[in-house]
Structures are given as C-alpha cells and as structure tokens.
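Chains as they are written, first to last, in this note's numbering: chain A, -6 to 284; chain B, -6 to 284.
The set of hints was computed from the structure by calculation and includes no laboratory data.
Computed from a predicted structure; not experimentally measured.
No residue lacks a Cβ here, since even glycine has one placed at the ideal position from N, Cα and C.
Just so you know, not all the hints are guaranteed correct.
Stated by the list, open to error - Dumping the calculated DSS-like pairs for lysine-lysine here, alpha-carbon to alpha-carbon at most 25 Å:
{"id": "1", "chain 1": "A", "residue 1": "Lys73", "chain 2": "A", "residue 2": "Lys23"}
{"id": "2", "chain 1": "B", "residue 1": "Lys22", "chain 2": "B", "residue 2": "Lys278"}
{"id": "3", "chain 1": "B", "residue 1": "Lys149", "chain 2": "A", "residue 2": "Lys196"}
{"id": "4", "chain 1": "A", "residue 1": "Lys278", "chain 2": "A", "residue 2": "Lys47"}
{"id": "5", "chain 1": "A", "residue 1": "Lys253", "chain 2": "A", "residue 2": "Lys236"}
{"id": "6", "chain 1": "B", "residue 1": "Lys0", "chain 2": "B", "residue 2": "Lys235"}
{"id": "7", "chain 1": "A", "residue 1": "Lys278", "chain 2": "B", "residue 2": "Lys100"}
{"id": "8", "chain 1": "A", "residue 1": "Lys236", "chain 2": "A", "residue 2": "Lys47"}
{"id": "9", "chain 1": "B", "residue 1": "Lys11", "chain 2": "B", "residue 2": "Lys1"}
{"id": "10", "chain 1": "B", "residue 1": "Lys0", "chain 2": "B", "residue 2": "Lys187"}
{"id": "11", "chain 1": "B", "residue 1": "Lys187", "chain 2": "A", "residue 2": "Lys149"}
{"id": "12", "chain 1": "A", "residue 1": "Lys253", "chain 2": "A", "residue 2": "Lys149"}
{"id": "13", "chain 1": "B", "residue 1": "Lys0", "chain 2": "B", "residue 2": "Lys11"}
{"id": "14", "chain 1": "A", "residue 1": "Lys149", "chain 2": "A", "residue 2": "Lys73"}
{"id": "15", "chain 1": "B", "residue 1": "Lys4", "chain 2": "B", "residue 2": "Lys23"}
{"id": "16", "chain 1": "B", "residue 1": "Lys253", "chain 2": "B", "residue 2": "Lys212"}
{"id": "17", "chain 1": "B", "residue 1": "Lys253", "chain 2": "B", "residue 2": "Lys1"}
{"id": "18", "chain 1": "B", "residue 1": "Lys22", "chain 2": "B", "residue 2": "Lys47"}
{"id": "19", "chain 1": "A", "residue 1": "Lys4", "chain 2": "A", "residue 2": "Lys73"}
{"id": "20", "chain 1": "B", "residue 1": "Lys212", "chain 2": "A", "residue 2": "Lys217"}
{"id": "21", "chain 1": "B", "residue 1": "Lys196", "chain 2": "A", "residue 2": "Lys196"}
{"id": "22", "chain 1": "B", "residue 1": "Lys0", "chain 2": "B", "residue 2": "Lys47"}
{"id": "23", "chain 1": "B", "residue 1": "Lys278", "chain 2": "A", "residue 2": "Lys100"}
{"id": "24", "chain 1": "A", "residue 1": "Lys196", "chain 2": "B", "residue 2": "Lys217"}
{"id": "25", "chain 1": "A", "residue 1": "Lys149", "chain 2": "B", "residue 2": "Lys196"}
{"id": "26", "chain 1": "A", "residue 1": "Lys278", "chain 2": "A", "residue 2": "Lys23"}
{"id": "27", "chain 1": "A", "residue 1": "Lys187", "chain 2": "B", "residue 2": "Lys217"}
{"id": "28", "chain 1": "A", "residue 1": "Lys196", "chain 2": "B", "residue 2": "Lys187"}
{"id": "29", "chain 1": "A", "residue 1": "Lys11", "chain 2": "A", "residue 2": "Lys47"}
{"id": "30", "chain 1": "A", "residue 1": "Lys278", "chain 2": "A", "residue 2": "Lys22"}
{"id": "31", "chain 1": "B", "residue 1": "Lys47", "chain 2": "A", "residue 2": "Lys187"}
{"id": "32", "chain 1": "B", "residue 1": "Lys0", "chain 2": "B", "residue 2": "Lys278"}
{"id": "33", "chain 1": "A", "residue 1": "Lys253", "chain 2": "A", "residue 2": "Lys235"}
{"id": "34", "chain 1": "A", "residue 1": "Lys187", "chain 2": "B", "residue 2": "Lys4"}
{"id": "35", "chain 1": "A", "residue 1": "Lys217", "chain 2": "B", "residue 2": "Lys196"}
Stated by the list, open to error - Partial selection, computed: residues in chain B whose CB lies under 8 Å from chain A:
{"id": "36", "residue": "Asn118"}
{"id": "37", "residue": "Met119"}
{"id": "38", "residue": "Gly120"}
{"id": "39", "residue": "Ile123"}
{"id": "40", "residue": "Met124"}
Protein chains: 2
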Amino acid sequence: MQLLDGKKTAKAILNTIKIDVAQRAATGKKVPHLAAILVGTNGASQTYVNSKVKTCNDIGFISTLIEYEEDVSEMRLLDKIQELNEDISVDGILVQLPLPPHISEEKVIEAIAVSKDVDGFHPENMGKMIMSEDAFIPATPYGIMLLLEHNNIQTKGKHAVVLGRSHIVGRPISILLSNNSNPGNCTVTVCHSKTENLEEICKQADIIVAAIGRPEFLKAEMVKEGAVVIDVGITRLEDATKKSGYRLAGDVDFEHVAPKCAFITPVPGGVGPMTIAALMKNTYKSCVDRD
Amino acid sequence: MQLLDGKKTAKAILNTIKIDVAQRAATGKKVPHLAAILVGTNGASQTYVNSKVKTCNDIGFISTLIEYEEDVSEMRLLDKIQELNEDISVDGILVQLPLPPHISEEKVIEAIAVSKDVDGFHPENMGKMIMSEDAFIPATPYGIMLLLEHNNIQTKGKHAVVLGRSHIVGRPISILLSNNSNPGNCTVTVCHSKTENLEEICKQADIIVAAIGRPEFLKAEMVKEGAVVIDVGITRLEDATKKSGYRLAGDVDFEHVAPKCAFITPVPGGVGPMTIAALMKNTYKSCVDRD
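Bound conformation, chain A alone (with noise of 0.2 Å):
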C-alpha cells in the first residue's frame, strides 16, 4: 500500500506555480489575483477561505478578502461580483459556499463572469467540460486528476466507481475520469444513495472515488485488493480525546481499507490540499489568459 500524499503533490505544484509568478513579477507583467467572499462565519468555511488566502500569500499571488455579515442582502453581494467581474485587476473571483439561505447560490454563482469563474461552478464552464472544451474546472476533481498524473496512476481501460452526484465533486469527476483524456478513459460508474448491489459494484473498482459526506461508509469487504482509493469526504467528529474536541474523518474507512490497496488518498492530507492547488492553478490560467 502506498500513500498517495496529496500534501506533497500540492507542494510541488504551487512551488512551480510560485517559481512562474516569480518570473512573471521579475519581467513586469502581472501577477495573479484571486478574489474571495466569504459570507457569515462558519467555522469551516472561515478555515477553508483563510487558507486559500494564505496559500496565495505564500506563492506570490495578491489575494483580497471581502467578508459580510450572515444577514447580508443578495443585491450586495451581486453588486460586489460586478464590481469584481469589472475591475481588471482581479483574475478569479470565488464565492464560498454554503450561503444564508436567503441568498440563491444559483444566481451568485451565475452571476460570476465565466471568465473569473475560478471555482468552476458556473453552469457554462460544467458545460465546456463535458464538451471538453477549454474550461475551469471545479477545483476538487481538478485536484484528483491533478494527483493522479503527478503520482501516475493508470487510468486507461480501468473501471472506475463514482460515490455520489453532487455537481461539485461526484458528477464532474465521472466525467472527467470517462473523457477520452490521460488521465481519463476509464469505464465509470456513478452511484448514489438509490443504487442497489452498491459493495458488489464497488467490488469490481480499479478505482474508487469517495464523495458522499457520510463517515468511513466504505468497508474493506467493499473494496477489491489493489485498488486505488480516493477520499473526498471530510466530516467532523466530535472527539472527547482531542484538544480542539474533534478528528477529521473522511468517507473511507481507512485503517481496514488501507491495507487492500494500491494506492490510497489520507484524510486530512489527500484530496484537500489538492483542491487548494487546483484552484491556484485556475487562477495561474485566468491571469495568463487575459495577458
């Protein structure tokens, strides 16, 4: 069994990402610039948003934060997206979700030029990549394919096992695994909370992707020896044995899988650091595309 460290992997991608904005900086052109708002003050989506920030900060990218009370109203956070969307010196422009549900997450993200859409939410940049057309791509798949190239994984002719359907992880990484692509060109299937035969399914995987948000679902008596297994979940779990009162769990049950397979992400250390390199490196692409 093998680790695929995606702390390692996203630390060699932002290193030649910090290198290229040096080098952008040292002959005068532009550097990146990555826009965040974030509304309210979960405590998970604070960490997420302050450590997108400070990964810009350490790669040489200007990043600003805008921040809003929970009761803010939808027109002011759609006239900031204009104001964003307008103003020349902002290469991406990303929303962190969740939103108070008095906000349409569906208009603000819609309301993010395509061309800043960083986060690849935004229903023409999905479209382009089913097309296969030049896109963003949604930051959390990018990161999965990004970390199987850079570990090279086989992926062609492989059947591949999709838990869930969510338009932010399940569904684009079913598509991107089946694009006629390296990595790509698996047999994927997609499954969900209404498929039936799910371990016999799940059996038959060179490759799992774990994305459903329900803790350690994923048995060892579920999964073929030598598979690769990619944890996208991560949930909280209250632990009385920790200073911060809680341990991270992803959709994997790790310790009793981990030793069947190939390769297989850790949680935290896999996927997550990988969504942070992606998401730098649309951000990398917006710039250089509006040079």
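Dock chain B against the given chain A, drawing on the hints supplied.
Okay, now just chain B, sitting in the frame of chain A:
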C-alpha cells in the same frame, strides 16, 4: 418482448402539443416559431431538417428554413444567428450539424442565445442540465427520457449501461439517467472505445443505451434476459434489394437481441421520432417561457 414504439409515443406527445398550440392561437397568443439553418446538401441532414419542418407544420408551429451553400462563410452564418437571436418572433434556433470543416461548430453553437437553444447544445444548457437546473435538454437524450416515461419503464435503482460518451447523446443521457428524478435514479456506467470487459459489463445491465454509431454492434450474448434496450444508432447500409439502395441499421443486432428483451426500440421508428418530439417540446417550452 415488447416494442418501445417511438413513432406512436411521439405522435401522442405531438398531439398534445398540437392541441395546446391551437388553444394558444384561439386565445390570440403567439404560436411557437422554429428557425432551422441548413448548410450544404448532405442527404441525411436534408432529410432530418425537412422532417423537423414538416412536424412544425403538422402541429401548428411556424417554421423558417434558412439554407446556405456549402461554401457560406462562418461570419455570414454568425450574423444570421445574431439576427435570429434578436428577432422576437423566433422562439427556437437550430443549426443542423455537421457543418463544413471551414466553420467552427463550437463558435456557431455558442453564438445561439441560450434561451433559444432548443437543441440544447450550448455549454450553458449542458451545464444547467448537470446541475439539474431549468435547461433545454439535447433532443435525443430528452426523447429517450420521454420514451421511458410514457411507457412507464421503471428506472429507479436499476443499472443502466450507456455505450458512447458523445456530448450529443452518450454523456447527457448518462447524466439524466443518474439524476435524482423520475425517470432517473439509475446506477449508470459509461462505456466507450477504451472499455475493457465490455461484454461482462453489458450483461449486468437492466437498461442498455447503445449510442456508438456502429451498426449491429450489440449482440445477444451481451444482453441479460429481460433487459430494456434503447438503440440510438442509425446507419445507412448498402442493400441492393432495396429500392433506395440502402437499409437503416441501429447499433443493436435487433433480430437476435430482441427475443431476450423486456423492451426494445426498433430502428427506424424508435429513438428517431422521439428526437423530433423532444425538439418540438423544447420549442414549445421556449415559446411559453417568453409569454
């Protein structure tokens, strides 16, 4: 074995639309108007466009057919699309594919207003389909979903295998069948030219959608007893015994597969008529959305 009669189902759907259109006309409301653009003299393309125009006339839609020579410039085509986008009398615009190689299909499709893209090929409509938002669904996959719905085929929890990953049929039908909807909620496996063990995978399927354009590819030994088989292929094969000099073949070896099926679509008379019915439903929807 029961035939999934696309001709009959399409007729029922079109008849409902016809009644609705007549009611609109009787109350002084606008009737749907489809504008179709045909470039060149490809025989199959002419047949398809003519049958769409004929259907419009049959059910009380207005239709405009715009024909160009094979050597029309991309610019002229784009100008015409812009004109149709701005023409408030037009509800739906379709450009018959394929286009000659000097014209970018991507550019042409993306020039069509999302709100008039009744073929559902614009990336924004594709993306909205992924995200289960209100969208125009591409006509062939939408027609398949209507065929399943009107014939009360149970899909929830079933294992559907889709052969083909084109963005016109394979990819969208795989998404629609696995969405949380009815029909839908299938476990879906997407297969393609790089798939290994294709026979073994097909044999597990409760529902097979064959959309690869290889005549009579799906053989009896690949199909489970009691399966539902949807044949999207339609290829002209030379046949000296026919007056036309050709016969139409689907992707399924119908003669040998049909006896094993619970339900199967014929070719012709299966998915083909449903595609036109779906296009008309999209155009009708566009007209009503504009009220």
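Each hint, compared with the structure:
Under the criterion of a C-alpha separation no larger than 25 Å, the hint pairing Lys73 (chain A) with Lys23 (chain A) is consistent with the structure, at around 23 Å. At roughly 14 Å between alpha-carbon atoms, Lys22 (chain B) and Lys278 (chain B) fall within 25 Å of each other, so this suggested pair holds. Between Lys149 (chain B) and Lys196 (chain A) the alpha-carbon distance is near 22 Å, which keeps this suggested pair within the 25 Å criterion. Restraint check for Lys278 (chain A) and Lys47 (chain A): the C-alpha separation of about 19 Å stays at or below 25 Å, so the hint holds.
Between the alpha carbons of Lys253 (chain A) and Lys236 (chain A) the distance comes to roughly 32 Å, so the proposed pair goes past 25 Å and is violated. Simply put, Lys0 (chain B) and Lys235 (chain B) have alpha-carbon atoms about 22 Å apart, close enough for the 25 Å limit, and the pair holds. Straight-line distance between C-alpha atoms of Lys278 (chain A) and Lys100 (chain B) comes to about 22 Å, which keeps the hinted pair within the 25 Å bound. In summary, the hint linking Lys236 (chain A) to Lys47 (chain A) is supported, as the alpha carbons are separated by about 24 Å, within the 25 Å threshold.
Distance hint between Lys11 (chain B) and Lys1 (chain B) is fulfilled; the C-alpha atoms sit about 15 Å from each other, no more than 25 Å. Proposed proximity of Lys0 (chain B) and Lys187 (chain B) is contradicted: the alpha carbons are some 34 Å apart, above 25 Å. Taken as a hint, the Lys187 (chain B) and Lys149 (chain A) pair is honoured in the structure, with Cα atoms around 7 Å apart against an allowance of 25 Å. Our distance criterion of 25 Å between C-alpha atoms is met by Lys253 (chain A) and Lys149 (chain A), whose separation comes to about 21 Å.
About 16 Å separates the Cα atoms of Lys0 (chain B) and Lys11 (chain B), which keeps this hinted pair within 25 Å; it holds. The suggested pairing of Lys149 (chain A) with Lys73 (chain A) is violated, with an alpha-carbon distance near 44 Å, which exceeds 25 Å. In summary, the hint linking Lys4 (chain B) to Lys23 (chain B) is supported, as the alpha carbons are separated by about 23 Å, within the 25 Å threshold. Distance check on the hinted pair: Lys253 (chain B) and Lys212 (chain B) sit about 11 Å apart at the alpha-carbon level, within 25 Å; holds.
For the proposed pair Lys253 (chain B) and Lys1 (chain B), the alpha carbon gap of about 23 Å is at most 25 Å, so the pair holds. Taking the CA atoms of Lys22 (chain B) and Lys47 (chain B), the gap is near 22 Å; set against the 25 Å cutoff, the hint holds. Among the hinted pairs, Lys4 (chain A) with Lys73 (chain A) is inconsistent with the structure: their alpha-carbon atoms are about 32 Å apart, more than 25 Å. Between Lys212 (chain B) and Lys217 (chain A) the alpha-carbon distance is near 29 Å, which puts this suggested pair outside the 25 Å criterion.
At roughly 17 Å between alpha-carbon atoms, Lys196 (chain B) and Lys196 (chain A) fall within 25 Å of each other, so this suggested pair holds. A hinted pair counts as satisfied when its Cα atoms are at most 25 Å apart, and Lys0 (chain B) with Lys47 (chain B) qualifies at roughly 15 Å. Proposed proximity of Lys278 (chain B) and Lys100 (chain A) is supported: the alpha carbons are some 22 Å apart, at most 25 Å. Simply put, Lys196 (chain A) and Lys217 (chain B) have alpha-carbon atoms about 20 Å apart, close enough for the 25 Å limit, and the pair holds.
Our distance criterion of 25 Å between C-alpha atoms is met by Lys149 (chain A) and Lys196 (chain B), whose separation comes to about 22 Å. Between Lys278 (chain A) and Lys23 (chain A) the alpha-carbon distance is near 12 Å, which keeps this suggested pair within the 25 Å criterion. For a cut-off of 25 Å, the pair hint linking Lys187 (chain A) to Lys217 (chain B) stands: about 21 Å separates their Cα positions. For the suggested pair Lys196 (chain A) and Lys187 (chain B), the alpha carbons sit about 20 Å apart, so the restraint of at most 25 Å is met.
Of the pairs offered as hints, the one joining Lys11 (chain A) and Lys47 (chain A) holds, with about 13 Å between alpha carbons and a cut-off of 25 Å not exceeded. At roughly 14 Å between alpha-carbon atoms, Lys278 (chain A) and Lys22 (chain A) fall within 25 Å of each other, so this suggested pair holds. Distance check on the hinted pair: Lys47 (chain B) and Lys187 (chain A) sit about 41 Å apart at the alpha-carbon level, beyond 25 Å; violated. A distance of roughly 21 Å separates the Cα atoms of Lys0 (chain B) and Lys278 (chain B); the hinted pair therefore holds under the 25 Å criterion.
With a C-alpha separation of about 28 Å, the suggested pair Lys253 (chain A) and Lys235 (chain A) falls outside the 25 Å cut-off, and the hint is violated. Pair hint Lys187 (chain A) plus Lys4 (chain B) does not hold up; C-alpha atoms about 33 Å apart against a cutoff of 25 Å. For the hint pairing Lys217 (chain A) with Lys196 (chain B), the CA-to-CA distance comes to about 20 Å; that is within 25 Å, so the pair holds. At its closest, the beta carbon of Asn118 (chain B) sits 7 Å from a beta carbon of chain A; the interface hint therefore holds under the 8 Å criterion.
The beta carbon of Met119 (chain B) is positioned within 8 Å of a beta carbon in chain A (closest approach about 3 Å), and the interface hint is therefore held. Residue-level restraint check for Gly120 (chain B) holds (minimum Cβ-Cβ distance to chain A is 3 Å; threshold 8 Å). The beta carbon of Ile123 (chain B) is positioned within 8 Å of a beta carbon in chain A (closest approach about 5 Å), and the interface hint is therefore held. Checking Met124 (chain B) against chain A: minimum C-beta separation of about 5 Å stays under 8 Å; hint holds.
Of the numbered hints listed earlier, those contradicted by the structure are 5, 10, 14, 19, 20, 31, 33, 34.
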